[in-house]
Amino acid sequence: MSFFIGFQPVQRSLRSRVFLLPMILVGLLVLHSLLDGGQTANAQDGATAAAPLKQILDQVWDFELTEYPQLATDVGDPRGQDRLAKQSLADYQRRDQMRAAFLERLLQIDPLTLPVSDRIDWDLVVRKLKSEREDYRLKLHLMPINNREGFHIGLPELPRVMNPDTVQDMRNYISRLNELPRFVDEQIALMDAGIEAGLVQPAIIMRDSAEQAGAHVVADPKQSLFYKNLESIDKLDKADWQQIEPDLLSAIKHSAIPSYAKFQTYLADTYVPACRQNIAARTLPGGKAFYQSQIRKFTTLDLSPEELHQTGIRENARIRREMEQIRETVGFEGDLPAFIQHLRTDPTFYPKTAEQLMREVSYICKQVDGRLPTLFGKLPSTPYGIRKIPDYVAPQTTSAYYWPPSTDGTRAGFYYINTYNLSSRPLYQLEALSFHEAVPGHHLQLAIQAELKGLHPLRRQSYFSAFIEGWALYSERLGKEMGFYTDPYQDFGRLSMEAWRASRLVVDTGIHALGWTRQQAIDYMAENTALSRHNIVAEVDRYIGWPGQALAYKTGEIFIRKQRQRAEEALGERFDVRKFHDVVLQNGSIPLPLLQAQIDQYIDSQ
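End of the sequence shown sits at 606 in our numbering; the numbers just go up one at a time, nothing left out.
Watch out, some of these pointers could steer you wrong.
Straight-line distance between alpha carbons at most 30 Å, and here's what the computed DSS-like set of lysine-lysine pairs gives [as the list claims (entries may be wrong)]: (1) K238 x K228; (2) K130 x K262; (3) K86 x K54; (4) K235 x K262; (5) K562 x K453; (6) K480 x K388; (7) K288 x K130.
Per label pair, the in silico range of CB-to-CB distance [stated by the list, open to error]: (8) M358 x P337: 29 to 37 Å; (9) N421 x E481: 40 to 48 Å; (10) K453 x E569: 28 to 36 Å.
No lab work stands behind these hints: they were computed from the structure. For clarity, every value in this text was computed on a predicted model and none was experimentally measured. Glycine is no exception: its CB is placed at the ideal position from the N, C-alpha and C atoms.
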């Protein structure tokens, strides 16, 4: 699974940006003080102290919406709907200076003088600003794309995100298309600076990038996704559409298509030849410290690569024992590797058509919708849909991903399924995959977060990979509690998905800290999961291009399971799984140490 966020480069999307920074955690005692009353002054004093905090948070939010018009679109804010974000080196420097000023003002506030909810706001926004400043210090903006993320992949979804259904909306959309030449030139300038600084992606993962961009270089503007992805044309008056369509086609023909053609040529002739031959993050400027910063960012914990590596090995050993039990249950006569090979190669385990795959997914999702009340007291009202992953990105991406709803309620969430290369899309993994991407995984958690009342918009937009991906992986196991996985092959699919995430701990650290080759990583995944060869290669290349991100899933899931175990042991018969889940989700996405303090408070209150 990949948490694919919209059409903005990953560093600039507030929803895809991870709000954790490489700051020293102050310990659970202080984290408890963020949730408990501690030495807080009376309510009147707390409200007085909160006033300057709210002012700063409002200014940070205004700054984000102004600087990133695509974010404004995503949350339903009207500003900047005719613009794309500015991406020059000077813009990055200016934004860093603004964040430094915001951070200085926030650090002048003592969080212990604030009401409880405001303390969490303070903590998360301080983390966010420090994280963004650390990213700037590490010059991550000089690597704005990889094999899975970047404007060249995401921007063609712009018409679906904007969903223009009025003349003014369409004019704004056309203006954005006409901004593409400037936007692409700025991206190229960033990447040129990255080449000069030695901050480039590994060549092995960028080999198809020019082809990805070239998919949008078409002769007929009406065949462009910038046209075909417009889904609300029928809402426009026919006369208005006849008047505006020529301007739209002109913008696609003279701005969008030439910009993508220019970027395709740049990738093929300049960037890819300059990419590095090594694959490890430790070989980048800053080396070991760079990778450690990514571990802290994506796990929200101070863990060493060696610790994470060994955790993955232990988890895989446990999972393998459970896999052996299922092999025996179904009566397969060979050993486990032979059983896995059987699952990889027997065509009965794979869909024959894309339509069959989509039907199976839809059926599973409809079944689980009706069983959610057994595990949750609070459910979101925002719906979700199911879509195919676009053809132009499907060969290079993973089995599925989720696109969250807009926070203003005008766009549903979407669970995207990869229908490319059906022989690599096993039906026996669909239950676990759907629980992860839709409900009770990503959609349930992120829709609840978007619907939380009384929270500052910055809180509703927070994204901590370890929490969000950990929750989604934890949700796969919840299928058992809802009566799924009755077919032993589906249960094996769940274990294979879990082994996939455990293997990420081993492979990501192996590649970026322990000197592993790409082939070593591929071989380890092949030996420890039932993933197809195609999926394994795509996954390993993902880890190469996104150091540390893959560590979030298993780290977060183990952490959440431990919190549940603590609560069950402490409360005994008083433990209510519905209440526990509501508590986990009640503050949205938060760092794992703060979640632990939150569960401590829940236990003490029962």
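Checklist entry - Of the numbered hints stated previously, which ones are contradicted by the structure, given in increasing order? => result 2, 4 and 9
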